[in-house]
Amino acid sequence: MPETRPVYLPPDPLTPERDITHQHFRPGEHVVVLKGAAGGELWGDAMKVVAPSWHTPTDEDGWRLLDPTGGDRSYATAHPRYLVHLSKRCPECLMHQKALREYLVKRLGDAEEAVDCRWYSLTAHAQLVHVADARPGR
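Taking numbering that gives the first Met the number 0, the leading residue of the sequence shown gets 0, the next gets one more, and so forth.
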């Protein structure tokens, strides 16, 4: 991941409204959680889908993910709408990437410096949560 500077944009309007089912992803697939942009391109945390897991912040089916670099935590649970396929060219994921890239580049430009939009955080229970899905006390 490139060195990043934080930017506080309003929560992205695309990811929370994304209609993606739990079945869209399978164990063993490689995914990315898109977190920002650099040079007009998206960047984020690449992870591997491990097993189904309940996503407490949304009270919906989620996926247990493995961060191959270890990161803050080696494992995290995420809602499927946060994930984009890396291991295959999926039309739905490609459309979501394109829409998110257009949204971000319009606001951030195409400067080479990586920008972390700070849309995601990790709870004390290793639950990845988008700011639009965060609930007080969780």
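Read the hints as simulated data drawn from the structure, not as lab findings.
Take the hints with a grain of salt, since some may be wrong.
As the list claims (entries may be wrong) - Restricting the straight-line Cα-Cα distance to at most 30 Å, the calculated cross-link-like pairs of lysine-lysine (DSBU-like) are:
hint, residue 1, residue 2
1, K87, K97
2, K47, K97
3, K34, K47
4, K87, K34
5, K47, K87
6, K34, K105
7, K34, K97
8, K105, K87
What the hints assert, rightly or not - What follows is a set of in silico ranges between Cβ atoms, one per label pair, in the way DEER data are often shown:
hint, residue 1, residue 2, range
9, P26, E112, 20 to 26 Å
10, H21, E112, 33 to 39 Å
11, A110, S73, 30 to 36 Å
12, P51, L121, 31 to 37 Å
13, R100, P67, 21 to 27 Å
14, A50, T122, 15 to 21 Å
Computed from a predicted model, the values in this text were never measured in an experiment.
Here a beta-carbon is modelled for each residue, glycine too, at the ideal position from N, C-alpha and C.
Each hint, compared with the structure:
1. K87 <-> K97: holds, 16 Å
2. K47 <-> K97: Holds, at roughly 22 Å.
3. K34 <-> K47: holds, 16 Å
4. K87 <-> K34: Holds. K87 to K34 sits at ~20 Å (cutoff 30 Å).
5. K47 <-> K87: Roughly 13 Å between the alpha carbons, so the hint for K47 and K87 holds.
6. K34 <-> K105: holds, 15 Å
7. K34 <-> K97: Holds, at about 14 Å.
8. K105 <-> K87: holds, 27 Å
9. P26 <-> E112: 20 to 26 Å: At 35 Å between Cβs, range violated.
10. H21 <-> E112: 33 to 39 Å: holds, 35 Å
11. A110 <-> S73: 30 to 36 Å: Holds - the Cβ-Cβ distance for A110 and S73, about 32 Å, lies within 30 to 36 Å.
12. P51 <-> L121: 31 to 37 Å: violated, 19 Å
13. R100 <-> P67: 21 to 27 Å: The hinted range 21 to 27 Å holds for R100 and P67, with Cβ atoms some 24 Å apart.
14. A50 <-> T122: 15 to 21 Å: For A50 and T122 the Cβ distance comes to about 19 Å; the hint holds.
Against the hints set out earlier in the document, violations occur for numbers 9 and 12.
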